[in-house]
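Participant: Each chain, letter by letter, is given below.
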Amino acid sequence: MDKQDTSDHQASDARPVLEGPDIARVLTRIAHEIVERAKGADDVVLLGIPTRGVFLAQRLAVKLEEITDRRIPVGSLDITMYRDDLRMHPPRALARTEIPGDGIDGRLVVLVDDVLFSGRTIRAALDALNDIGRPRAVQLAVLVDRGHRELPIRADYVGKNLPTSLRETVKVQLAEEDGRDTVLLGVKQT
Amino acid sequence: MQRHLISAADLTRDDAVLILDTAEEMARVADRPIKKLPTLRGRTIVNLFFEDSTRTRISFEAAEKRLSADVINFTAKGSSVSKGESLKDTAQTLEAMGVDAVVIRHGASGAPYRLATSGWIDAAVINAGDGTHQHPTQALLDAFTMRRRLVGRDAGIGQDLSGKRITIVGDILHSRVARSNVDLLHTLGAEVTLVAPPTLVPVGVETWPCEIAYDLDSTLAKSDAVMMLRVQRERMNAAFFPTEREYSRRYGLDGDRMARMPEHAIVMHPGPMVRGMEITAEVADSDRCTVVEQVANGVSIRMAVLYLLLGGAVVDSKNVPAVSPTRIEEK
Amino acid sequence: MSKILIRGAKVLGGEPQDVLIDGSAIEAVGAGLSAEGAEVVDAAGKVLLPGLVDLHTHLREPGREDSETVLTGTRAAASGGYTAVFAMANTFPVADTAGVVEQVYRLGQQHGYCDVQPIGAVTVGLEGRKLAELGAMHESAAGVTVFSDDGKCVDDAVIMRRALEYVKAFGGVVAQHAQEPRLTEGAQMNEGVVSAELGLGGWPAVAEESIIARDVLLAEHVGSRVHICHLSTAGSVEIVRWAKSRGIDVTAEVTPHHLLLTDELVRSYNPVYKVNPPLRTQRDVLALREALADGTIDIVATDHAPHPHEDKDCEWAAAAMGMVGLETALSVVQETMVDTGLLDWAGVAERMSFKPAAIGQARGHGRPVSAGEPANLMLVDTEYRGSVDPAGFASRSRNTPYEGRELPGRVTHTWLRGKATLVDGKLT
Chain C
7 MDKQDTSDHQ
17 ASDARPVLEG
27 PDIARVLTRI
37 AHEIVERAKG
47 ADDVVLLGIP
57 TRGVFLAQRL
67 AVKLEEITDR
77 RIPVGSLDIT
87 MYRDDLRMHP
97 PRALARTEIP
107 GDGIDGRLVV
117 LVDDVLFSGR
127 TIRAALDALN
137 DIGRPRAVQL
147 AVLVDRGHRE
157 LPIRADYVGK
167 NLPTSLRETV
177 KVQLAEEDGR
187 DTVLLGVKQT
Chain S
29 MQRHLISAAD
39 LTRDDAVLIL
49 DTAEEMARVA
59 DRPIKKLPTL
69 RGRTIVNLFF
79 EDSTRTRISF
89 EAAEKRLSAD
99 VINFTAKGSS
109 VSKGESLKDT
119 AQTLEAMGVD
129 AVVIRHGASG
139 APYRLATSGW
149 IDAAVINAGD
159 GTHQHPTQAL
169 LDAFTMRRRL
179 VGRDAGIGQD
189 LSGKRITIVG
199 DILHSRVARS
209 NVDLLHTLGA
219 EVTLVAPPTL
229 VPVGVETWPC
239 EIAYDLDSTL
249 AKSDAVMMLR
259 VQRERMNAAF
269 FPTEREYSRR
279 YGLDGDRMAR
289 MPEHAIVMHP
299 GPMVRGMEIT
309 AEVADSDRCT
319 VVEQVANGVS
329 IRMAVLYLLL
339 GGAVVDSKNV
349 PAVSPTRIEE
359 K
Chain A
12 MSKILIRGAK
22 VLGGEPQDVL
32 IDGSAIEAVG
42 AGLSAEGAEV
52 VDAAGKVLLP
62 GLVDLHTHLR
72 EPGREDSETV
82 LTGTRAAASG
92 GYTAVFAMAN
102 TFPVADTAGV
112 VEQVYRLGQQ
122 HGYCDVQPIG
132 AVTVGLEGRK
142 LAELGAMHES
152 AAGVTVFSDD
162 GKCVDDAVIM
172 RRALEYVKAF
182 GGVVAQHAQE
192 PRLTEGAQMN
202 EGVVSAELGL
212 GGWPAVAEES
222 IIARDVLLAE
232 HVGSRVHICH
242 LSTAGSVEIV
252 RWAKSRGIDV
262 TAEVTPHHLL
272 LTDELVRSYN
282 PVYKVNPPLR
292 TQRDVLALRE
302 ALADGTIDIV
312 ATDHAPHPHE
322 DKDCEWAAAA
332 MGMVGLETAL
342 SVVQETMVDT
352 GLLDWAGVAE
362 RMSFKPAAIG
372 QARGHGRPVS
382 AGEPANLMLV
392 DTEYRGSVDP
402 AGFASRSRNT
412 PYEGRELPGR
422 VTHTWLRGKA
432 TLVDGKLT
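Protein chains in written order, with our numbering: chain C, 7 to 196; chain S, 29 to 359; chain A, 12 to 439.
Since the hints were made in silico from the structure, they are not lab data. For clarity, every value in this text was computed on a predicted model and none was experimentally measured. Some clues are possibly wrong.
Sample of chain S residues facing chain C (criterion: CB under 7 Å; computed from the structure) [to be verified]:
hint	residue
1	Thr50
2	Leu336
3	Gly339
Taking CB as the label site, the calculated pair distances span [said to hold, decoys possible]:
hint	chain 1	residue 1	chain 2	residue 2	range
4	A	Gly436	S	Thr227	38 to 48 Å
5	C	Lys194	S	Ala341	40 to 50 Å
6	A	Thr439	S	Asp117	33 to 43 Å
7	C	His154	S	Ala324	41 to 51 Å
8	A	Arg278	C	His154	47 to 57 Å
9	S	Asp98	C	Arg77	40 to 50 Å
10	S	Tyr242	C	Arg77	54 to 64 Å
11	S	Asn265	A	Arg396	46 to 56 Å
12	S	Glu321	C	Glu104	21 to 31 Å
13	A	Glu414	S	Asn265	40 to 50 Å
14	S	Ala341	C	Gly153	26 to 36 Å
15	S	Thr82	A	Arg278	49 to 59 Å
16	S	Asp42	C	Asp108	31 to 41 Å
Computed, partial: chain C to chain S, Cβ under 10 Å [said to hold, decoys possible]:
hint	residue
17	Thr86
18	Met87
19	Tyr88
20	Arg89
21	Ala99
22	Ala101
23	Arg102
24	Glu104
25	Pro106
26	Asp108
27	Ala134
28	Glu156
29	Leu191
30	Gln195
Positions of the beta carbon are idealized from the N, C-alpha and C atoms, including for glycine.
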């Protein structure tokens, strides 16, 4: 289920594939695509997947509000307890699930995450959504799609398609969490 | 945090805060239309109750079911235990059925510790109250209730109970709740005062990390929470105190005494309450009394404990922490 | 019977000497002895003591042969260097009649590993109400001189007074298990800091001390002697010291485990540490050692209390109280008293052989190591250190608190009236 690697020692060898302005630009593009495909986005609810998906969802919401001049409900969806690899790691601390006040029933939920890799996170997110309500439809927005899907899942909105090998790592850094915006491509240390 | 939860004294400050934080997330599940998580699907938990305790058993059972565990309830009454089967044989029989965790309530102090350390079984052991020793999930749910009320639901995340002044009143000598609370509250930075007639304070209490007082009135004004413990009427017959009336007058919480507590202070009780003995109906039914909240919080705390003990990989080595308090980023 | 020459043994820890045994008696003690055709035992470096005498053993027969029998218990005794043990009366049936005590006595004689001197119950069925036939037990073949309700306290002051008075007629002694029953209802361990934390019912020191205080005063009042079993607290030491200074005829025993172990061990909730009286604090342990050294406490007695595995392989509250002790007693005494410099080996002989034999009037035991005395002897290799392995015990039970603990000293030989019962650490 690993779609990114967080070990710090890899950052030194990693090279940026998206910088701050690139990230802002692709988020603007995705916001426009959402408005276009959702016919005005008047029933859109954005749910970010912790940690960095939440920040991306909040940034997308700001852009959507600029475009549509309406409040866009935004929340977070922690998928930890729906993961299929719980027994392969020590128990993880939980992150917050925050569903906007009006809920998700009958809405268009756009899941937002930073990197799409195996697809297992999204599978878990769909299960989690199922226990919370019944959206009209669910779509997926990701900053980076690095390929190597293990499940029949694809993103509706992609910031950047980044063909990678399994030896490579993709690390997204966002100002809210990491102090700067960048996407780094590195090589896995053995 | 260890593989087992035997004593509140085994928890570090970070372990305890992690459990409280996790419980806060679990509590949100109770607000959803589907109050269930798939987290412990395929795990089997036995509730092994050698003592009657409907409320604790139901609370654990609710927590286990919300996490999708398979639940086996075993009560001693009418079972092979009443025919003389030993704790060891009972535990081994249950483990042979493929149990991942044993939630045990036992009248003998130390029985859960023995179960966890004697090599009889491999399953995780969770103490649901042993004799007059410990009741760690009760202490956790009490601390959770205090943090919510005295620090705040959201403001409390990541926080302990530093500086909070907690008064625990009643039969300290026979109380596993008091022992667990003293340990946990001290770990969480609270200042604890125990109030009881001297007959109901254990010899040897001087090493406990708390103050002892024999006078309730002098402690009320400086308490953020006052926890009343149940006092069994039978204690009267063993000369622990002369009469019910005298006990109530000296150590019972009534409206007048409650009025002397600070505005923000809460009244707690682990239940079941003996109205008219340690607490009057007026206090028990007031907004400041958290008894019902404590019950609801009990389910969240037990979900958190079960998740943190069973939600991850089984750690074979006894002393390797099963819970790392770091938030894991990769997904 | 042929002759045995024990060569180069440090008799009572002194200079190496030879000891020649002829038949059942010591023929000579001295340097450079020789004897034609004698079997020679090389005892160089080892300490030779008179056969140890245990005033407080539970052999469990009749009634609890699943935990110990006279045979297995006396084999354990021989392994530990004992040549005489006093068997407590709390059997099933209780040893409160001449018939039961004679049976136990005869079983000991028949097996031949160690003399068994039965202790008679003070009261019928150990119930504390009615005196047992103390005179009849004394006059029986068993010749009972020590009476005790051990396991239970003779708590009724009038019954205790009468017993103390009555046994004067034939020079008997009452050995009191000092435990005020009301103060110890539901008691599980020493009452103090550890019990408060563990939530186990407390056994307060005062429950022992108040009975000892009462009984020494009773003994003084009626002019009897009294023996205090397994004294376990610093306060009890003070009371006995006071009583002796007053000239009261009181003797007292301490167990090996109370000289070494403390209630901190109970934190494990492992019932091998459950015993009555309970393990006390380090302060008590040090007071007991000092009292044993200065003679306030007269003797070491094992309170060897075998229990089957299932009675200890359970939760604390359900477990039986007691520890086996015959096979580790001398090692614990070496560890706590000799290696600490509190006692020399002559002092050990005094407290584990001469004095207990004198208190219990065990004929032929606790005698000096000199020509003409019965050859009740034992050899200990004091240089040895090893960890305790209960699998090697001769006792039927394994409930030792010392499993895996390294202790000094190993008993290699025991002779009962010239007959070897233990040779090179192996029972014959």
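Participant: For which of the previously enumerated hints does the structure constitute a violation, in increasing order of number?
Facilitator: Numbers 4, 5, 15, 25, 26, 28, 29, 30, in rising order.
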